[in-house]
Each structure stands twice: as C-alpha cells, then as structure tokens.
Amino acid sequence: MNPETTIKLALALPLATAATTVFLGERQRNLRESFTLFGAVALFLVIAMLAPAVTSGARPAATLLEMIPGLAIAFEVEPLGMLFAMVASGLWIVTTCYSIGYMRAHHENHQTRFFVCFAVAIFAAVGAAMAANMFTLFVFYEVLTLSTYPLVTHHGTEAARKGGRTYLGILLFTSVAFLLLAVVWTWTIAGTLDFRPGGILAGKADNTVLCALLGLYVFGTGKAALMPFHRWLPAAMVAPTPVSALLHAVAVVKVGVFTVMKVAVYIFGIDLLRTTGISVWLMYVAGATILLASLVALTKDNLKARLAYSTISQLSYIVLGAMLANSWGVIGGSMHIAMHAVGKITLFFCAGAIYVTAHKTEISDMRGIGRTMPLTTFAFLLGSLSVIGLPPFGGSWSKWYLALGAAEAYQWPLVAVLMISSLLNIAYLIPIVVRGFFFAPVDGPEKPKIKEAPMLCVVPLCVTAVGGLALFFFAGRIYELLTPIAQLSGN
Amino acid sequence: MEHHLPVLLIITPLVAAPLCVLVRQRLAVFGLSLTVCWATFAMAIMLLVRVLDSGEITYQLGGWSAPWGIEYRIDTLSAFVMLFVSGIGAIVLTFAPHSIAREIREDQHYLFFAEYLLCLTGLLGIAITGDLFNLFVFLEISSLSAYALISLGAREGVQQTRRALIAAFHYLVMGTIGATFILIGIGLLYMMTGTLNMADMAERLRAEVQINRKLMDVNETRTVLVAFAFLSVGISLKMALFPLHMWLPNAYTYAPSVVTAFLAATATKVSVYVLLRLIFTIVGASFAFEKLPLDTELMVLSLIGIVVASTTAIFQTNIKRMLAYSSVAQIGYIALGISFASLDGLTGAIVHLFNHALIKGGLFLAMGCLVLRLGSAELDDLRGIGRRMPWTMFAWVVGGLGLIGVPVTAGFISKWYLISAALERGWWPVALLVLLSSLLALVYVWRVVEAAYFQDSPEQHAEVTEAPAAMLIPTYVLIGATVFFGLWTSLSAGVAQQAAQLLLEVTP
Amino acid sequence: MKEILGLYNYWVVIFLMMTGFYIVIARRNLIKKVIGLSIFQISVFLLYITMGKVTGGTAPILPAKHFTTGEDFQTFSNPLPSVLILTAIVVGVATTALALALIVRIHEEYGTIEEDEILEQDREP
Chain A
1 MNPETTIKLA LALPLATAAT TVFLGERQRN LRESFTLFGA VALFLVIAML APAVTSGARP
61 AATLLEMIPG LAIAFEVEPL GMLFAMVASG LWIVTTCYSI GYMRAHHENH QTRFFVCFAV
121 AIFAAVGAAM AANMFTLFVF YEVLTLSTYP LVTHHGTEAA RKGGRTYLGI LLFTSVAFLL
181 LAVVWTWTIA GTLDFRPGGI LAGKADNTVL CALLGLYVFG TGKAALMPFH RWLPAAMVAP
241 TPVSALLHAV AVVKVGVFTV MKVAVYIFGI DLLRTTGISV WLMYVAGATI LLASLVALTK
301 DNLKARLAYS TISQLSYIVL GAMLANSWGV IGGSMHIAMH AVGKITLFFC AGAIYVTAHK
361 TEISDMRGIG RTMPLTTFAF LLGSLSVIGL PPFGGSWSKW YLALGAAEAY QWPLVAVLMI
421 SSLLNIAYLI PIVVRGFFFA PVDGPEKPKI KEAPMLCVVP LCVTAVGGLA LFFFAGRIYE
481 LLTPIAQLSG N
Chain B
1 MEHHLPVLLI ITPLVAAPLC VLVRQRLAVF GLSLTVCWAT FAMAIMLLVR VLDSGEITYQ
61 LGGWSAPWGI EYRIDTLSAF VMLFVSGIGA IVLTFAPHSI AREIREDQHY LFFAEYLLCL
121 TGLLGIAITG DLFNLFVFLE ISSLSAYALI SLGAREGVQQ TRRALIAAFH YLVMGTIGAT
181 FILIGIGLLY MMTGTLNMAD MAERLRAEVQ INRKLMDVNE TRTVLVAFAF LSVGISLKMA
241 LFPLHMWLPN AYTYAPSVVT AFLAATATKV SVYVLLRLIF TIVGASFAFE KLPLDTELMV
301 LSLIGIVVAS TTAIFQTNIK RMLAYSSVAQ IGYIALGISF ASLDGLTGAI VHLFNHALIK
361 GGLFLAMGCL VLRLGSAELD DLRGIGRRMP WTMFAWVVGG LGLIGVPVTA GFISKWYLIS
421 AALERGWWPV ALLVLLSSLL ALVYVWRVVE AAYFQDSPEQ HAEVTEAPAA MLIPTYVLIG
481 ATVFFGLWTS LSAGVAQQAA QLLLEVTP
Chain C
1 MKEILGLYNY WVVIFLMMTG FYIVIARRNL IKKVIGLSIF QISVFLLYIT MGKVTGGTAP
61 ILPAKHFTTG EDFQTFSNPL PSVLILTAIV VGVATTALAL ALIVRIHEEY GTIEEDEILE
121 QDREP
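One line per chain: the protein sequences are A, B and C, in this order. Counting from 1, position 411 in the first sequence corresponds to residue 411 in my numbering; the numbering is continuous, with no gaps. Counting from 1, position 331 in the second sequence corresponds to residue 331 in my numbering; the numbering is continuous, with no gaps. Counting from 1, position 24 in the third sequence corresponds to residue 24 in my numbering; the numbering is continuous, with no gaps.
Just so you know, these hints were derived from the structure itself, not from any lab. All values derive from a computational prediction rather than experimental measurement. Even for Gly, the Cβ is constructed at its ideal location relative to N, Cα and C. Mixed in with the good hints, there may be bad ones.
Said to hold, decoys possible - Cβ-to-Cβ under 8 Å is the rule here; a few derived chain B residues that face chain A:
#, residue
1, Val408
2, Trp416
3, Ile419
4, Glu424
5, Phe454
6, Gly494
For reference, chain A alone in the conformation it holds in the complex:
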C-alpha cells in the first residue's frame, strides 16, 4: 500500500468508526463496542505501517483538497507527527477498553454519543499529527475543540454546562483571537503556510513582528494550557474520567503542545528562534506556569483537580523545550509528549477506577485505598514515578534532556525551576500512594476485602503503568526517531 493511501486510510478509519457507531446505536451495544475497538486497533496498525518509512528519512505525503485557492488540506508525516500519531492511536485502544468498562459500570447515558465524539476527536488528533501546513493543523485543531465539547458536557448537569462554557470559551477565544490571526499573518508575510525544515519566516519580517507573532501562536494555542489561559483544563474535569484521560493524555492537550513544537521547529525554525532570542520571554512564562501550577496542585484535595494542575505544569515542560530553541530542548520536549501521555493516562485511569468502585473523589477520603484496591494503587505509584521523572521510568529521559537543554542555553534559573518542580511533583503525588497503602481506611474495616474495578478498567491501567516502565528502555528508539528534527538546528 503506497504512503498516500495509508495516510488517507488513517484518516478514514476513525470517521468510519464514528459512522458505524451512529448506526449501531444503543440497540447493538456489544457490536458497537467491538467496532470501536476494532477501529482503534486497525488505526494503530495503519499508522505503524508509516513508521519504517519515516524513520528512514522519507516523508509520506498526501493532499486532500484545496479549501481556499492556494491553501490545501495536505498531509506530510515527519518524525514528530509520527510519534504523536502513534501515541494517540495506541492510547486510543487502551482508552476504549477502559471507557467500555467505566461507562457500563457507571450506567452512563448517551453512550453512543460518547463513542462517536471520541472517534471524531481521534480523527482530528490524527489529522493534526499528520498536517503538512499550518492551515490544515488549524482546521483539525478547531474540529478537535468542537468534537470534545459534547464529551466535556456529557453529564448534562448545570456543573457540566458551566464547565463546558469555560472550556469552549477559553479555547475558542484563544484560537480565534490569537491563533487564527497569527496564521493569516504568517500567510501574509511568508506567502505560504507549509511546514518546512528551518522554518518559513527567516528574513521575512523584523524581530518585533516575529516576537509578536510567536506570542500570538503560543498563547493562541490554548490547548497547551499556558498560563493565564489554563483555566479550561480544571473546568473540563466535570467530564467522565475516560474523557479526562483522553483530554489529558491522548488528544487535546498533546495537540496543543504538538502545535507549539511544530510552530517552533517548522514555521519559525530553531535557528531563527535562537539567533533572534524572541522566545526567551516565553521560556519564562512556561517556567512560571510549571511552578505555579505545581504549587496550586498541592492545594487541591480533589484528585482529578490535582491531576489537572499537574498536567498544566507538565505541558509547560514541553513548551519550555520548544522555546529553548536548541536540540536537547526540542528532543526533550518531544519525548515528553510520549512519556507524559503514558504516565498521566495511568494516573487518570486509577482515579476513574477509584471513583467507579469506591465512589471516592477527594484525596483525604482515599486513605487505606491500597488495601481494597492494591493493583490500582500500585499502578498509581508507577504512573507517579514516571511523571516525577525518576529512573527507571520513561519520564526521566525527557526531563534529563530538558535540563540539558536549559543548561546549554545558559538558562540557570530554568534548570532550577525543573529541579524544584520535580520536588513539587513528589510532594503532591507520593503522599497519595503513601496514604493509600500505609494509613488506615477512613471508613470501613481495618483490613477490608480486596475489591478492584471491573477487568476492563484494571487491565488498561496496568498496561499503561508498565508502559511507563517500558518506555525507559524504548527511549533510545524515540531518540533516534527525533534526531532529524534536532539536526535542523545545526547543533
């Protein structure tokens, strides 16, 4: 199968899954779920077929249609997009299993709508991953926002509506007022929106314009949750946990930081950023977000809220990596896309499992949870260690590269920020595990019976927990995949 067909198939699969789900509806639930699972596995395999070509240096491409004369919806798979697409499609399989278990155990309504919107969201994420120009990326970015809105407001309650309002309000505000402006401006300055190695803006405008443009891009990508446009993430926690897992690990937030990374590497170009120094102020905004978000996480008793702020902090690691504008930074940031995804999804899966089985949402109620749900709590420990960045977990590699990048750019305050933030991560994650295993339960007997979440929930979270461990050893492969991008910087 030639690359062009593979790309089109990769786009068609999630859409076909969505369509089949609509037709099967509530009446054929098992068939519906099987189709979704089948679609997810098929998608992962199709995307994996592109991997050998991309690692050997080829850039499979396809063009769909010309939406505006001169601007086409086009796709070109390069290492960063390849990594993101594999993470997204791989984790979709796991999330689908988890969702089936969660939604049924919880007897949720509107399950068809849920799975349909999920599939459309993955379609948007894969489309964004493979985008060949900023225009395509923007279109899929917006489709993602709209397709995840029904997921966030799934419960239909007043709280869900409010959360949905904040979610849509901030994301659409930033994308329309800042990102679209930046995209059209780039089009006016550079005459093209293609992602090209070395960027398309070199020599096209003076530094103040470029600085403003970069600011518009980075703040316009609201999904990267850079402060002060981060409030949508905690607001989106009203959604059911599979959605939070999707939002925080697989699709939405990663599309955000992926966009920032692509803009830095392929629109501006690492060299341009470094020589003009226009990204320095954004480095510090990212650094401030890392610290502030971690501090806020410490204060939150609601587990999902704490994980939300943890995510905001971790996303800024990736933004920081992009803004450092050197090869270590880019590699570290890109690697963190994968590492954080796996680690965070484990944490969210555990949070959802605890909610479905023990009906607990607040951390102070989760004392002794390790005695009723040892597997889940252990998985939570593994996920936490990955997020904190301790060996032998994958997160350690990405943090190491980021620290190297900060050091190479002589940004010592940022190196300190990375160190402190790791300590803060420990402070807000480990006590949950400690309390879970070593403290007596708040209510119920001293030595309760073991009652884990349904199989369909427990297996995925174990898989991802172990995945965090496995990624430590796979980091070498990821490094090889990403080196071509880093080499563009001439380091």
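Following the hints, position chains B and C against chain A.
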C-alpha cells in the same frame, strides 16, 4: 431558445405570478410555483455555465440595440448572484407548504405564491439588467412584493402576529424613501450623461464637458457627486447597512418564517450587488475610492455595524430577531470586504454574499421548523428542544457554527479572505475586530445551544415531535451546502475570485 | 439672480421633496405619512419632467409643423424622461395602494391609525 435564455429567466416567474392569482386552487398554485422556481434555477445554472465558458452575455430586449433599447448584460458576478437567488428561491419554496399552513391564513396562500414569484422576478431582474432605470423598476417590483409578503404574517385571531402589519408599513416607508433616493440619483446621472445604459454611462462619465467656461470630466461635476451620494444612501438603506438598518429587525421577526428565510438570504444581497455595479461598473473604483473617501466611510460604518449589531443580537430573547441583527452584522462584513478595494477583500465580499445566503437561509428554515412545532420563536420556548427535535437543532447548530466562522463551514472561508485582505494592508486592528466579532457571534449562538440542550422543556411543549421530513430535507440541503462549500470552494470562492478580478480589471 | 430665478423648477422640486420628507418623519398619522411619501415621490417626478425640456424645443410629437408658418420644427423636447416618469408614477401608485391597504388592515387590528398609539399597544406584553 438558448439565445433567449436571459429573458426567459425573467418572464417565466413574471407570467406565472398572475396565473397563480387566476388559478387560486391551493394545490395547483403550489405545483405551478414549484415547477417555475426549479425551472428558473435550472436556467440560472445554464447561464452561469455559459458565462464561465464564453464570457459576458448580452441580450437586447425586443431586438432594440443599446443604448436606446434595454439591454440585459450577464457577467460572472450577475450569473453568480442569480444562481444563488434562484437556488434559494426554489429550495425555500419546496420547504413552504407545511410552514405557511401554520403561519398564513389559508385563503391567502395563492396570494403568497404569487407575491413570492413576483419577488423572485424582481430580484433576478436586478441582477440581469444592464439598464439603470430598468434596475429601479425591478428593485421596486421586488420591494413591493416583499412588503406584501411580510404583511402576510398577520393572522386573524392571533394577536401577536398583527405586528407584521406595522413592520411591513415601516419597511414600506423606509424602502420607498430609499428607492426614491435611487431614482433621484438615476435622474441626475441621466441629466449629465444622456443615457441609462450602464456601460454607455460609464464611458460618458469620463468624457469632457465645459461648465462655466471650465473644462472638466463629467464625473468631476457636482451633479454627479450628488447623484452618487443619493444612489449610495438609497442602496445602503435597501442593503440594511448600519445605521440605515432599522427596518430589518421587525420585518424579519414578524414575517412568516418562509418569507424571512427567502428575504434574509436574497434581498439584501441583491442590493449589495447593485452597490458593486454602481462602484465598479458605472462610476469606477478610482472615482469612488480615490476621489471620494467611500472606502473609509464603508469601513467605519461596517465595523461599527458589525460590533453594535452582534452585541445587540446577544441580548435578544426572540431568536428570529437575534438572527435578524446577526444579518445586519454579516452585511457589515460584506461592506467591509468592499471597502478594502483589493482582490482578496472583494473576493471575500462576493463569496460572503453566497455563503451568508446559504447560512442564513438554512438557519431561518430551521427556525421555520421550530415555529411549526412550538408556535413561537422565543428562547424560553426553545428550552430542551434539542432532545425533542434533534435533527432540527443539529441543523441550527451547524448554521450557528457557520455564523461564527468555524473551519469546515462556509463562514470560515469568507472570514479568511476578509482577514487576509486586512492584514495585507497592515490594518491589524480591523482584522482583530473581525475576529472578536466572531466571538460575539459565539456568545449568541451558544445561548441558544445551551437553552436547547441543557435545560428542561417547559410544560406546554413537553410533547412536541420532530418536524416533517418535507421541511427537514430542504433545511439540510442548505445547511449541508454550508459545510460542502466550506470544504470545496472552487464554485463559491473560485467564481467569486473570477468575478472580483473582472470587476477590478474593467473598472475605470 | 438669473441662476436663482432661471432654476425655479429645481427650487420647486427641492421644496416639495423636503416637505414630503418632513411630513413622513414628523407626522404620526399613518395616512399623513403616506401623503408625505407621495409628495416626496412627486417631487422626483417633477425633477425628471422638467429635465426633459429643451430650450426652444416643442412637444416631441411627429409630424411637427408650426401652426402658423408651416415650417418643420427642428428642436424637440426630450421624450424619454416623460416616459420614465410614467413608469415611476405607476410604481408610486402601486406603493400608495399597498400602503393604504396596509393601513386598512392596521386599523382593523389596532383600531387606530396613529403611530404612537399603535406602538403603545404593541409595547404591552
């Protein structure tokens, strides 16, 4: 037969209208009107294909040659406008039966169809004619039938609907003043050039004339300046450009839903066409934009209009009125595009004529479905309707996304061109205002979305069911078109760009 | 001075136009508004008709022999504006007819044709 296509396009609905009055029988009249509208659409398609193939078509009425006789001139812009006017005319009429059964008195239905056909004739005639006075006549034909159509919204026994009468009356007074201004302008131009043929007038305006022993171009005389002033004010009133838009909200709110859908999608757009003809074909872009500051004026008025109208829309409780104010804002976008006087700006304006016609037409048809089942267009009555009428509300949401300008809808294409045109000139505050107005649109669209999906139905509407398929299908044709033309733009933006290029090349 | 007196037709036009316009805006009775609208339109008719007159020209009718001398006339007034105005008069008549029909219906529904009373009635919920 092929040769006479231009005049057939006008004659068919024109002759069918009095036939409707003679025939009177409801079903026969509906059948006749439907056939005529679809035939007219087919003819408009054929004309567009011919124009895109072989260039401008000229047709002399009665064989009298121009400039003495009346000439029909069809270039890319005219054909494009006629295409979507006739298309929407056909689709809205297919939607009509159930809706007018609910909203118009049964013994007046044959009159509705007659007036509808007359209005269609008038609108098509404006786009097709190359003679200025002929344009005035067709303008008045369409306006008078529009006033009558709006007043049909008043139903005996339902007291609320009587406001349609006073709305129609106010529209009549304001519309007539506008039309009379246009007539004055035409008269003054005739005085100075001696011709009514648009192409001929354009040449003669550039001739030299001696006034008070001074030699000057005809278009430098004060008479022509005054004529232009009268014409532009008259057209702006017909077009509902801020602040001459006061007739629009009431007219759209109280008219029957079908009438609102048709008028909102076509009447104001054709007035914009008249403005384009005036600026680019008759007086020339250099006269309007360099000698006179029309570009600045249009830009300022349109920007204020966009912001004020969008903000007013947010506070409306009647959804039809909200969409009416939204229309005023969207006309502002079109006027803004014209004021840029660049290829991108003009393309954006022309393509938005098309895109907005589709979006607003679809939205008002969805409103028609809602009014059929709920009997009202108030936001309060719409609570929880998302669950009871899912197809209708989904169509409405997609239309709303088109208003906001989300990618994949046609609205995005127009916004892209407008913002490009603004940034090309370096006017980033204008670009920012356009983007912020999208966010205002988001607020008023989301008010409806939240009411429809997140709130519980009020007592009296607990049992409503989905609208009939005969109404849903035309709605989805228009809404589907907004998504289709958001992805495949060679017909909409491609033709618009050709039309814009032609206007800019030929303009003196 | 010659300018002001010589252009008296235009002065009449302007006077009628402004009178008509003023009546439309200032009067609240609907019939009076329609009268004002008619006067406004009539002023435009006069503008067109008077523009057709050519100095020394006779009525544009053929054959044209002078009554007493029997010579052919060489100069005619322009017939076109009069023709245009016939069309415009028809349009004006149609507009007035439609407006009056609307007023009849309004009177049926509201019981009054004073604009402020109508708006008052509409303001009540």
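Consistency of the hints with the structure:
Below 8 Å, beta-carbon pairs count as interface contacts, and Val408 (chain B) has one with chain A at about 6 Å; its hint therefore holds. The interface hint given for Trp416 (chain B) is met, as the beta carbon of that residue sits about 6 Å from the closest beta carbon of chain A, less than 8 Å. Interface restraint check: Ile419 (chain B) against chain A, minimum CB-CB distance 5 Å, threshold 8 Å, status holds. Using the Cβ-Cβ criterion of 8 Å, the hint placing Glu424 (chain B) at the interface with chain A is satisfied: the shortest such distance is roughly 6 Å.
Because the smallest distance between the Cβ of Phe454 (chain B) and any Cβ of chain A comes to about 5 Å, under 8 Å, the interface hint for this residue holds. The interface hint given for Gly494 (chain B) holds, since its Cβ lies 6 Å from the closest Cβ of chain A, which is under the 8 Å cut-off.
In this structure, every one of the numbered hints holds.
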